[in-house]
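Using the sequences and the hints, build the whole thing.
In case you want the letters, here they are:
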Amino acid sequence: MKELRQAVEAQWPNLEVMIGWGWGFDLLHGRPLFVRKIEEVAGLVWNPFCVQNLTGYLAKIPAVQAEDKAKKIGVCVRGCDSRSLVALIQEKLVSREQLMVFGLPCQGTVDWRRLAAHSPLVGVKSARIEGERLLVEDSRTIREFTLDQVLARRCLRCTHPNPVVYDVLIGEQVAPRATSLDRYRDVERVEALDVGGRLAFWREALDRCIRCYACRNACPLCICQDRCIAETRDPKWLSQYMGLPEKFLFHFIHALHLAGRCTECGECERVCPMEIPVTLMKEKLGRIVGDLMGYEAGLDPEATPPLLTFNPAETGV
Amino acid sequence: MSKMIFIGSDQLTAALDHLSERVELWVPAGASGGPGVIRFQRYRPGVEVVLDRLTNLSPKEAVQPQVETLLRFRTVKSADDPAAEQLLLDDGIEARRVLVFGARPCDARAFLLSDEVFLKGPYEDVYYRARRESTLLAALVCREGDDACFCSAVGGGPADTAGSDLRIVPVEGGVVVEALGEEAESLLEGLGEVVSDAGREEALRVVDEISALCMGEIDTSASVQAFKSRFEDRDYWREVAERCLSCGVCTFVCPTCYCFTITDEKRGLEGERLRSWDSCMFYQYTLEASGHNPRPTKLERYRNRVGHKFSYFPEKYDGRFSCTGCGRCVRFCPVSIDIRRAVSGLKENICECP
Chain A
1 MKELRQAVEA QWPNLEVMIG WGWGFDLLHG RPLFVRKIEE VAGLVWNPFC
51 VQNLTGYLAK IPAVQAEDKA KKIGVCVRGC DSRSLVALIQ EKLVSREQLM
101 VFGLPCQGTV DWRRLAAHSP LVGVKSARIE GERLLVEDSR TIREFTLDQV
151 LARRCLRCTH PNPVVYDVLI GEQVAPRATS LDRYRDVERV EALDVGGRLA
201 FWREALDRCI RCYACRNACP LCICQDRCIA ETRDPKWLSQ YMGLPEKFLF
251 HFIHALHLAG RCTECGECER VCPMEIPVTL MKEKLGRIVG DLMGYEAGLD
301 PEATPPLLTF NPAETGV
Chain B
1 MSKMIFIGSD QLTAALDHLS ERVELWVPAG ASGGPGVIRF QRYRPGVEVV
51 LDRLTNLSPK EAVQPQVETL LRFRTVKSAD DPAAEQLLLD DGIEARRVLV
101 FGARPCDARA FLLSDEVFLK GPYEDVYYRA RRESTLLAAL VCREGDDACF
151 CSAVGGGPAD TAGSDLRIVP VEGGVVVEAL GEEAESLLEG LGEVVSDAGR
201 EEALRVVDEI SALCMGEIDT SASVQAFKSR FEDRDYWREV AERCLSCGVC
251 TFVCPTCYCF TITDEKRGLE GERLRSWDSC MFYQYTLEAS GHNPRPTKLE
301 RYRNRVGHKF SYFPEKYDGR FSCTGCGRCV RFCPVSIDIR RAVSGLKENI
351 CECP
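Quick mapping for you: the protein sequence lines, in order, are chains A and B. Residues 1 to 317 in the numbering used here are what the first sequence spells out, letter by letter. Residues 1 to 354 in the numbering used here are what the second sequence spells out, letter by letter.
Errors might be hidden in some of the hints.
Here are the computed lysine-lysine pairs in the DSS-like style, where the Cα-Cα straight-line distance is at most 30 Å [to be verified]: (1) A:2 - A:71; (2) A:37 - B:347; (3) B:347 - B:228; (4) A:37 - A:69; (5) A:37 - B:228; (6) A:92 - A:72; (7) A:2 - A:37; (8) A:37 - A:71; (9) B:347 - A:125; (10) B:77 - A:236; (11) B:266 - A:236; (12) A:37 - A:72; (13) A:284 - A:236; (14) A:37 - A:92; (15) A:125 - A:37.
If you want the ones that stay clear, here's a sample from chain B, every Cβ over 12 Å from chain A, calculated [as the list claims (entries may be wrong)]: (16) 11; (17) 14; (18) 77; (19) 134; (20) 152; (21) 183; (22) 188; (23) 199; (24) 219; (25) 224; (26) 317; (27) 348.
Hints were generated in silico from the structure; no laboratory data involved. The beta-carbon is built from N, C-alpha and C at its ideal position, and this holds for glycine as well.
Structure, rendered in structure tokens:
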């Protein structure tokens, strides 16, 4: 945390605004923090509760801008976020030259809902990871959790904890929690069900959807934003009914628009107030893209994502 | 003395089975598949009630469903006169007798606030009235408040009975249910067992203990005026809401947000007019037909949320806030926007000069 603040302070003359994390309403919640004055750098934090992918703020309207073009926009990225950033750079939605990227190797982030499901925590005084355990002290007692119990699903299947693009690296590189062999085990679990079982799984999951569109709005690559097919009136694709067809259509289009682009950062699932495993759909697509096209999204800023190419000579399409 | 009964933990299922034969019963229960999601749903034998966790969604759905049909329409053409069309409308209102069992005091209080808007004029909402008048609320004295809760700061409290028809008090080995009105009293007939003196005393003690809890403190004094002074202060709203994602989480989980949109969903010659939840966080909410949008960015939209709840509403309805401090918007905001902070901050460092 100290190292991050020092690094940002050292770079401050080149920066107009810095997007990082600060404390949310308690010690179990981080929040995006926009730093515009050097004295606000002290508000920056870096811990397992810094859960938001901040790269969306660079691309989605109204995107964070540097008024003075000679200066840069600073942004904190974990491994997963850095891949979103690569995808945004590939699609020319952000300009790499305008950024000062602070890379943060990440041990995984805590899903507060998994914590709360174990026991309600009131008056949290401290929360820290020691080794493979999370210690939380609240007004009543100190509780200990294994990381397997409290890390977000996306973190348990993380293959890229270290940023793939950065200008300044804060801290030591860390070992991934998953390998390319086991990162799709959740997808495999659903695939192992028969057709009826899969249908029941998605029916139950999507039935919970309240169409708040948090999944879409939190996605750094869902850049249609206010022009999304979910809400257009003319043409009108989706009715206001709350039935499964509407919910399925929205989530499926959301996923398909991300095929070959989605880096599986898991923001869509993190923000869902109804805990629908929406990233699973994108994981399945990511796997298909990998198998068919040998491509993994968000690793090489120079690469062109397979579904963004058009080759008239292509056969068999 | 009001009617009180005791329902032992092992008798709760039988009591709910019994109740569900008489009314449409809504209870907090786990959503299938989602381990942590608790929401109000129709009780059917077999549904496991969860009374020791806060719910993700409020029970406002019971009276303001996320989508409801206002009317059905059908166009009939005549073979004799092809130019003539007859439009047939059916605007019948369906409302069943509903009991929401296991709401929290913050949720019950929210119904009173929506009543102001929908029932007390100048326009009366007949759809709302039909549902509301056939709905009873049994609110649970709340011991599960967390760091996002602030009911005490906005006029409520964890044992508040405003808006409740029945009060559920958790006691050793079960719950004591107290009827707070005549209609509720009749609902308790044949349920549970007579409360022992000791049980009654324990229930009173629990209510006293919980009533004494102060859940959350925010400075709401003068928020009506302070909000107006801050209205044009873009730096303030940028600090509060720059991180907003413009999603609908806060409004959809909110027990007092009641805004809706109306759409005609037509298929062929027939269709329905629907009313469904809308969110002032959405760009489309204020988008005008001309293409102009008076609230084009998240800053104006989030400002409206604060203003509606802590300035416009109290100004119109005797100083009451359109917020019951349930904490859901704080708890579920993906970027941890805290409305308590947004309201408290209204008064800070305001330039006093004219």
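Structure-based check of each hint:
no.: 1; hint: A:2 - A:71; in the structure: holds (24 Å)
no.: 2; hint: A:37 - B:347; in the structure: holds (22 Å)
no.: 3; hint: B:347 - B:228; in the structure: holds (10 Å)
no.: 4; hint: A:37 - A:69; in the structure: holds (17 Å)
no.: 5; hint: A:37 - B:228; in the structure: holds (27 Å)
no.: 6; hint: A:92 - A:72; in the structure: holds (17 Å)
no.: 7; hint: A:2 - A:37; in the structure: holds (17 Å)
no.: 8; hint: A:37 - A:71; in the structure: holds (14 Å)
no.: 9; hint: B:347 - A:125; in the structure: holds (28 Å)
no.: 10; hint: B:77 - A:236; in the structure: holds (25 Å)
no.: 11; hint: B:266 - A:236; in the structure: holds (11 Å)
no.: 12; hint: A:37 - A:72; in the structure: holds (14 Å)
no.: 13; hint: A:284 - A:236; in the structure: holds (28 Å)
no.: 14; hint: A:37 - A:92; in the structure: holds (28 Å)
no.: 15; hint: A:125 - A:37; in the structure: holds (28 Å)
no.: 16; hint: 11; in the structure: holds (26 Å)
no.: 17; hint: 14; in the structure: holds (27 Å)
no.: 18; hint: 77; in the structure: holds (24 Å)
no.: 19; hint: 134; in the structure: holds (22 Å)
no.: 20; hint: 152; in the structure: holds (14 Å)
no.: 21; hint: 183; in the structure: holds (30 Å)
no.: 22; hint: 188; in the structure: holds (30 Å)
no.: 23; hint: 199; in the structure: holds (26 Å)
no.: 24; hint: 219; in the structure: holds (16 Å)
no.: 25; hint: 224; in the structure: holds (24 Å)
no.: 26; hint: 317; in the structure: holds (27 Å)
no.: 27; hint: 348; in the structure: holds (16 Å)
Checked against the numbered hints given earlier, the structure satisfies every one of them.
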